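2 protein chains.
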Amino acid sequence: MQGKLIVISGPSGVGKSTVTKKLAERIGAVISISATTREPSPKEKHGRDYYFLTREEFEKLIADGKLLEYAEYMGNYYGTLADTVKEHLSAGRDVILEIEVQGAKEVEKKFPDAIIIYLLPPDDNELIARLTGRARDDEATIRRRFENAKAEVAQAKAAGIYKYWVVNDNLDNAVDKIVRIVHKEKTGDNEK
Amino acid sequence: MQGKLIVISGPSGVGKSTVTKKLAERIGAVISISATTREPSPKEKHGRDYYFLTREEFEKLIADGKLLEYAEYMGNYYGTLADTVKEHLSAGRDVILEIEVQGAKEVEKKFPDAIIIYLLPPDDNELIARLTGRARDDEATIRRRFENAKAEVAQAKAAGIYKYWVVNDNLDNAVDKIVRIVHKEKTGDNEK
Chain A
3 MQGKLIVISG PSGVGKSTVT KKLAERIGAV ISISATTREP SPKEKHGRDY
53 YFLTREEFEK LIADGKLLEY AEYMGNYYGT LADTVKEHLS AGRDVILEIE
103 VQGAKEVEKK FPDAIIIYLL PPDDNELIAR LTGRARDDEA TIRRRFENAK
153 AEVAQAKAAG IYKYWVVNDN LDNAVDKIVR IVHKEKTGDN EK
Chain B
3 MQGKLIVISG PSGVGKSTVT KKLAERIGAV ISISATTREP SPKEKHGRDY
53 YFLTREEFEK LIADGKLLEY AEYMGNYYGT LADTVKEHLS AGRDVILEIE
103 VQGAKEVEKK FPDAIIIYLL PPDDNELIAR LTGRARDDEA TIRRRFENAK
153 AEVAQAKAAG IYKYWVVNDN LDNAVDKIVR IVHKEKTGDN EK
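Quick mapping for you: the protein sequence lines, in order, are chains A and B. In terms of my numbering, the first sequence opens at residue 3 and continues consecutively. In terms of my numbering, the second sequence opens at residue 3 and continues consecutively.
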């Protein structure tokens, strides 16, 4: 049986990476590794953290239609290799993509039956607490991140592609909810 | 009581990051967050993954002697903020630095009683298996990484600063060994 493609988006600070890792463990899914033109850090490994490509290589992939989605961020390209995802799905493995709204739109066009999920912070105070807790930033920076996160959620709502909105009030709860969504979609019981 | 500074080095593919994370959990230590001039990825956060600085900011830190160690890699600076490490140590927290041989040399000069550890792969075959397992690379690439890893170990031996050599045959074993080393150093029972 073909695997399911699962898209997880959400604003900065909502805990996407943690939810994605936990979800992958729970359902035995593969987390898609992005290709990028960014330079690796000493601790990053090609094929584990990213596929590190030159700008020329990346632009050839774009030209050849080999990317499921891609975007530019801080002057570097980031994208998802279509063939790798398709191979996993054909082999019956579920694949999780942790991507932004623009990328999710592209994926939805190519995989209309992908399970497209948006992770929401529980409430404004909680979001501020998370943005504050994780770094030694000044108030203006935290305020700016908070406004950005609110704008990201508004943009996601406007995109009209997210079928499931999951509040990340608590890691295990959020993952449980997503596991049930995936199960429901797989068994065909997906009226919602 | 002053915390202990723990340095973990090792060749590519030996599993430094995994050992470091597990060790931090086991002994309740802080993992030092590096500063870098590299651009962040969409998933990376300032103050969690790195302190992302401009080249000017980084070079000012160098000029002001604010870095415990630093190096250039792929055209970007990476370094350890001395004040942050000192604050943790003063507060009684152990701090783990996952750094390369050159950086470890600098640290050893400034903190002669740091616990400086080199992680070794169990043997050549196992190292090749790990380098092979984690990516879809061709044989020439794997061979090159293997030779690099061997050269890195030789360089570490020549540096003459590593007091402890721990074979990472198995994650839990390696972490157990390091926990015992740290305990021994803390209780003053460190003849070896």
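It should be emphasised that the hints constitute simulated quantities derived from the structure, not laboratory data. Hints may be right or wrong, so weigh each one.
Identical copies go unnamed one by one, so any copy, or any two together, can satisfy a pair.
With a straight-line cut-off of 20 Å between C-alpha atoms, the simulated PhoX-like cross-links for lysine-lysine are [unchecked claim]:
#1 Lys23 x Lys47
#2 Lys45 x Lys68
#3 Lys152 x Lys47
#4 Lys112 x Lys45
#5 Lys111 x Lys152
#6 Lys165 x Lys188
#7 Lys179 x Lys45
#8 Lys45 x Lys152
#9 Lys188 x Lys18
#10 Lys186 x Lys24
#11 Lys24 x Lys159
#12 Lys6 x Lys107
#13 Lys188 x Lys47
#14 Lys45 x Lys107
#15 Lys68 x Lys159
#16 Lys45 x Lys24
What you are looking at is a predicted structure, and each value in this text was computed from that prediction instead of being measured.
Verification of the hints:
1. For the identical chains of this complex, Lys23 and Lys47 are neighbours both inside a copy (18 Å) and across copies (17 Å), given an alpha-carbon limit of 20 Å.
2. Neither within a single protomer nor between protomers do Lys45 and Lys68 lie at most 20 Å apart by alpha-carbon distance, with minima of 27 Å and 22 Å respectively.
3. Taking the shortest Cα distances, Lys152 and Lys47 sit within 20 Å of each other only across copies (17 Å), while inside one copy they are farther apart (33 Å).
4. In the homo-oligomer, the alpha carbons of Lys112 and Lys45 never lie at most 20 Å apart, since the shortest distance is 34 Å inside one protomer and 24 Å across protomers.
5. In this assembly of identical chains, Lys111 and Lys152 lie within 20 Å of each other by CA distance neither inside one copy nor across copies; the values are 25 Å within and 47 Å between.
6. Taking CA atoms no more than 20 Å apart as the test, Lys165 paired with Lys188 passes inside one copy only; the shortest distance there is 15 Å, against 54 Å between copies.
7. Neither within a single protomer nor between protomers do Lys179 and Lys45 lie at most 20 Å apart by alpha-carbon distance, with minima of 33 Å and 23 Å respectively.
8. Within a single copy, Lys45 and Lys152 get their C-alpha atoms only as close as 32 Å, which misses the 20 Å cut-off; across copies the closest is 17 Å, which meets it.
9. Taking the shortest alpha-carbon separations for Lys188 and Lys18, neither the intra-copy value of 22 Å nor the inter-copy value of 38 Å comes in at or below 20 Å.
10. Taking the shortest alpha-carbon separations for Lys186 and Lys24, only the intra-copy value of 19 Å comes in at or below 20 Å, while the best inter-copy value is 35 Å.
11. When the C-alpha separation of Lys24 and Lys159 is checked against a cutoff of 20 Å, the pair qualifies neither within a copy, at 25 Å, nor between copies, at 39 Å.
12. For the identical chains of this complex, Lys6 and Lys107 are intra-copy neighbours only, at 17 Å inside a copy versus 49 Å across copies, given an alpha-carbon limit of 20 Å.
13. In the homo-oligomer, the alpha carbons of Lys188 and Lys47 never lie at most 20 Å apart, since the shortest distance is 33 Å inside one protomer and 34 Å across protomers.
14. When the C-alpha separation of Lys45 and Lys107 is checked against a cutoff of 20 Å, the pair qualifies only between copies, where the shortest distance is 18 Å, while the shortest distance within a copy is 32 Å.
15. In this assembly of identical chains, the alpha carbons of Lys68 and Lys159 never lie at most 20 Å apart, being 28 Å within a copy and 45 Å across copies at closest.
16. Taking CA atoms no more than 20 Å apart as the test, Lys45 paired with Lys24 passes between copies only; the shortest distance there is 16 Å, against 22 Å inside one copy.
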